[in-house]
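S.K.: For the protein sequence lines, the chains are Y and W, in the order given.
Residue numbers for the first sequence, in our numbering: -12 to 102.
Residue numbers for the second sequence, in our numbering: 7 to 119.
These aren't lab readings, by the way, just hints derived from the structure by calculation.
Model, not experiment: these values are computed from the prediction.
Which stretches of chain Y does chain W cover? Using the computed rule of at least three CB atoms under 8 Å from a CB of chain W, they are:
1. 30 to 40
2. 91 to 102
Computed beta-carbon distance windows for the label pairs:
3. 82(W) to 27(Y): 25 to 31 Å
4. 32(W) to 26(Y): 20 to 26 Å
5. 63(Y) to 82(W): 38 to 44 Å
6. 20(W) to 57(Y): 48 to 54 Å
7. 74(W) to 4(Y): 43 to 49 Å
8. 50(Y) to 74(W): 35 to 41 Å
9. 47(W) to 46(Y): 19 to 25 Å
10. 14(W) to 39(Y): 34 to 40 Å
11. 38(Y) to 20(W): 46 to 52 Å
12. 46(Y) to 116(W): 26 to 32 Å
13. 22(W) to 65(Y): 44 to 50 Å
14. 67(W) to 55(Y): 40 to 46 Å
15. 27(Y) to 24(W): 27 to 33 Å
16. 63(Y) to 87(W): 36 to 42 Å
Where a beta carbon is used, it is the ideal one built from N, C-alpha and C, also for glycine.
Each chain is listed here by its residues.
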Amino acid sequence: DAGVIQSPRHEVTEMGQEVTLRCKPISGHNSLFWYRQTMMRGLELLIYFNNNVPIDDSGMPEDRFSAKMPNASFSTLKIQPSEPRDSAVYFCASSLGQSYSYEQYFGPGTRLTVT
Amino acid sequence: SQKIEQNSEALNIQEGKTATLTCNYTNYSPAYLQWYRQDPGRGPVFLLLIRENEKEKRKERLKVTFDTTLKQSLFHITASQPADSATYLCALGKSGGSYIPTFGRGTSLIVHP
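The following block holds chain W by itself, in its conformation from the complex (with noise of 0.2 Å):
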């Protein structure tokens, strides 16, 4: 069956770092694989997108890559705040009429000032 696996231990590391998650994935041939932030008591906010022809994306902070050969994608928040602490999904989705993605069930990542 189909599994998105993401650490279910929370990331603790100090502020200035660059915090690095993990998405593996199997039985899976995602088109797209995203990326989402989840605070506390709040809805996941989108954040990156990234397709299964493209190696890496950038945005600000934020560096994703994508490896369709491993079944990997790796998420980076450089120079890290405290302000970054909050779960973090990953969800993985098809092309075309199933377009809807599948979520994992997110890290959670503390940022220690």
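One chain only, chain Y, in its complex shape (with noise of 0.2 Å):
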């Protein structure tokens, strides 16, 4: 299995630009979640899928950021626009969802830095 694959895997982008982050899960997990990580705040949940529906996307941080999973195998990460602050790795992780160790399997995650 190739594990969750996340592209790309960095990304420069300057100020007001839109950026489109992908992912694509372990085949047969039902679960998908994006979180951005960085040195101040840590590992923080933006938004999970279930079942291709969005259940909770309280972590978004505003409007200039959404989230699509079109279908079981692809998701995306969109910011538009950009703004330095966004600067992070955002991380997508999936699940069989309410197994046994709830356990989530990330990606590489993608690298953002927005000048």
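Fit the two chains together into the complex; they arrive one by one in their own frames, and the hints show the way.
M.R.: Next up, the structure:
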């Protein structure tokens, strides 16, 4: 199994530009999570999907952030317009939902730098 | 407000010793607690889960304890090796519909040869 796949691995963009991060969860997993990690705030949950439906987006910072999951094998996180304070590592994770261990499988992350 | 606390200072130990990391929480009644390992430039990797009705869980050189009275979990790595050097995150979660874990900020472990 290839694990959770994220692209791009690195993204450098200028303030005001649109940024789209992509994620392919592990096949068969029905839950998908987007996280943001910074030194100051640690790992923060942005949004959580279950069976492709957004369940909890209370962690999305503001309207500039949006996430979609059009099918079970693909999700995007979009930032428009981007700002320097959005610079962080963004992780996608998937899980089997309410499994015995609630284990989450994380992707390698996308390091976003907004100048 | 809910708070999960892990020591922000790195833990430095010598190879072969037991490393002990602490996770404290307040204003939280977790149904379970997880520990993850994160290496630089990589995503966290799940290590162990312990439930609220369990006192201790072991996996190879790893041992986790969970004291709901003290609101604390201890994570032990016995016979530590330089390869164990990483950041270790604890995560707490409730059962049922809101099972998604909340993560602490992690503690860096450095094992010196």
